[in-house]
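Asks: Sequence:
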Amino acid sequence: MAILLGGMGALHAEDSRDYEAGPLQISDFRAKVPEGKSNQAFTLTTLRYSYRYRSRTRDRSASVVLTKLDFKNKMLRDQSWNGRPQDTALLAHEQGHFDITEAVRKRAEQYFQAKLSSLRTTGRTLDDAVAAMEELVRKEMAPYFLRLELLQKKYDLETNHGLATERQQQWSKLVSELIENPQLPFPPLGDEPAAAPPR
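To convert, count from 1 in the sequence shown and add 1191; that's my numbering.
Treat the hints with care, since some could be wrong.
[As the list claims (entries may be wrong)] With a straight-line Cα cutoff of 27 Å, these simulated DSSO-like cross-link-like pairs (lysine-lysine) come out:
{"id": "1", "residue 1": "Lys1306", "residue 2": "Lys1259"}
{"id": "2", "residue 1": "Lys1345", "residue 2": "Lys1330"}
{"id": "3", "residue 1": "Lys1345", "residue 2": "Lys1259"}
{"id": "4", "residue 1": "Lys1223", "residue 2": "Lys1344"}
{"id": "5", "residue 1": "Lys1223", "residue 2": "Lys1263"}
{"id": "6", "residue 1": "Lys1345", "residue 2": "Lys1228"}
{"id": "7", "residue 1": "Lys1344", "residue 2": "Lys1297"}
{"id": "8", "residue 1": "Lys1263", "residue 2": "Lys1297"}
{"id": "9", "residue 1": "Lys1364", "residue 2": "Lys1345"}
{"id": "10", "residue 1": "Lys1344", "residue 2": "Lys1228"}
{"id": "11", "residue 1": "Lys1344", "residue 2": "Lys1330"}
{"id": "12", "residue 1": "Lys1228", "residue 2": "Lys1306"}
{"id": "13", "residue 1": "Lys1344", "residue 2": "Lys1259"}
{"id": "14", "residue 1": "Lys1259", "residue 2": "Lys1297"}
{"id": "15", "residue 1": "Lys1364", "residue 2": "Lys1263"}
{"id": "16", "residue 1": "Lys1297", "residue 2": "Lys1345"}
{"id": "17", "residue 1": "Lys1263", "residue 2": "Lys1306"}
{"id": "18", "residue 1": "Lys1330", "residue 2": "Lys1297"}
{"id": "19", "residue 1": "Lys1330", "residue 2": "Lys1364"}
{"id": "20", "residue 1": "Lys1330", "residue 2": "Lys1263"}
{"id": "21", "residue 1": "Lys1344", "residue 2": "Lys1364"}
{"id": "22", "residue 1": "Lys1228", "residue 2": "Lys1297"}
[Claimed, not checked] Across the chosen pairs, the derived CB separations fall in these ranges:
{"id": "23", "residue 1": "Lys1364", "residue 2": "Val1321", "range": "35 to 45 Å"}
{"id": "24", "residue 1": "Asn1230", "residue 2": "Asn1372", "range": "25 to 35 Å"}
{"id": "25", "residue 1": "Gly1213", "residue 2": "Arg1311", "range": "34 to 44 Å"}
{"id": "26", "residue 1": "Ser1367", "residue 2": "Arg1243", "range": "28 to 38 Å"}
{"id": "27", "residue 1": "Thr1313", "residue 2": "Asn1372", "range": "35 to 45 Å"}
No wet-lab data here; the hints were simulated from the structure.
The beta carbon of each residue, even a glycine, is placed where N, CA and C say it ideally should be.
The task is simple: from the sequences and hints, build the whole structure.
Replies: This is the structure in structure tokens:
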């Protein structure tokens, strides 16, 4: 299972591991297994972003143009646990949660690269314009965080938390393809609000 976090901010290296570091290892699960939990494992991933902008100030107004947006997919090791360290199938299922976050990260990255120069905000002061940019980026990111949450829930439901072997294999193949080719459509999400942009 995974819970998704998102937004700006930095994470200390000792608390997290980057997706680029390779497949999850048992040693990445550092939290103590809570008593009374029915879940055999828990993987906490986070999709974080940071950005840069160019600003311009005139007498009574200021403007900001987004110039760069960086994304990071991290697993929070001190909040993730695994109660069956010898179970390779369970570890593979937890890797799937990390992979899903990576697929959404790549899709968001692709979207913002195409739209970067059109993301502009203005304000009476530079602080106002920067605050407006922060809100604009949050608004643009919201559909990705929503889709990420729904994909993770669908993944757990359809694979029965990794116990449905055939569906687990199908999902693993699908997510690998989504990572390799961000142009591919995501699987349909029945409970996704109709107003959410199809990204």
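Asks: Would you mind marking each hint as holding or not holding in the structure?
Replies: Cross-check of the supplied hints:
Between Lys1306 and Lys1259 the alpha-carbon distance is near 11 Å, which keeps this suggested pair within the 27 Å criterion. Pair hint Lys1345 plus Lys1330 holds up; C-alpha atoms about 24 Å apart against a cutoff of 27 Å. For the hint linking Lys1345 to Lys1259, the alpha-carbon distance of about 32 Å lies beyond 27 Å, and the restraint is violated. Restraint check for Lys1223 and Lys1344: satisfied, since their Cα atoms lie roughly 23 Å apart, inside the 27 Å limit.
Proximity of Lys1223 to Lys1263 is assessed by CA-CA distance (about 25 Å); at most 27 Å being required, the pair is judged to hold. Distance check on the hinted pair: Lys1345 and Lys1228 sit about 21 Å apart at the alpha-carbon level, within 27 Å; holds. A distance of roughly 19 Å separates the Cα atoms of Lys1344 and Lys1297; the hinted pair therefore holds under the 27 Å criterion. Among the hinted pairs, Lys1263 with Lys1297 is consistent with the structure: their alpha-carbon atoms are about 10 Å apart, no more than 27 Å.
For the given pair, Lys1364 sits about 15 Å from Lys1345 by alpha-carbon distance, which is consistent with the 27 Å threshold. Using a Cα cut-off of 27 Å, the hinted pair Lys1344 and Lys1228 holds, with the two alpha carbons roughly 18 Å apart. At most 27 Å may separate the alpha-carbon atoms for a hinted pair to count; Lys1344 and Lys1330 meet this at roughly 22 Å. Restraint check for Lys1228 and Lys1306: the C-alpha separation of about 43 Å exceeds 27 Å, so the hint is violated.
Only pairs whose Cα atoms come within 27 Å are accepted, and Lys1344 paired with Lys1259 is rejected, the gap being roughly 31 Å. For a cut-off of 27 Å, the pair hint linking Lys1259 to Lys1297 stands: about 15 Å separates their Cα positions. For the suggested pair Lys1364 and Lys1263, the alpha carbons sit about 23 Å apart, so the restraint of at most 27 Å is met. Restraint check for Lys1297 and Lys1345: the C-alpha separation of about 19 Å stays at or below 27 Å, so the hint holds.
Under the criterion of a C-alpha separation no larger than 27 Å, the hint pairing Lys1263 with Lys1306 is consistent with the structure, at around 19 Å. Note on Lys1330 and Lys1297: the hinted pairing holds, with a Cα-Cα distance of about 18 Å set against a maximum of 27 Å. Under the criterion of a C-alpha separation no larger than 27 Å, the hint pairing Lys1330 with Lys1364 is inconsistent with the structure, at around 31 Å. The suggested pairing of Lys1330 with Lys1263 holds, with an alpha-carbon distance near 18 Å, which does not exceed 27 Å.
Distance hint between Lys1344 and Lys1364 is fulfilled; the C-alpha atoms sit about 17 Å from each other, no more than 27 Å. Between Lys1228 and Lys1297 the CA atoms are separated by roughly 33 Å; this puts the pair beyond 27 Å, and the hint is violated. Take Lys1364 and Val1321: their Cβ atoms lie about 43 Å apart, and the range 35 to 45 Å holds. For Asn1230 and Asn1372, the Cβ-Cβ distance of about 31 Å falls inside the hinted range of 25 to 35 Å, so the restraint holds.
Distance hint check: the CB atoms of Gly1213 and Arg1311 are about 38 Å apart, consistent with the given range 34 to 44 Å. The hinted window of 28 to 38 Å between Ser1367 and Arg1243 holds, with their beta carbons roughly 31 Å apart. A hinted range of 35 to 45 Å holds for the C-beta pair Thr1313 and Asn1372, which are about 37 Å apart.
When held up to the earlier numbered hints, the structure conflicts with 3, 12, 13, 19, 22 and fits the remainder.
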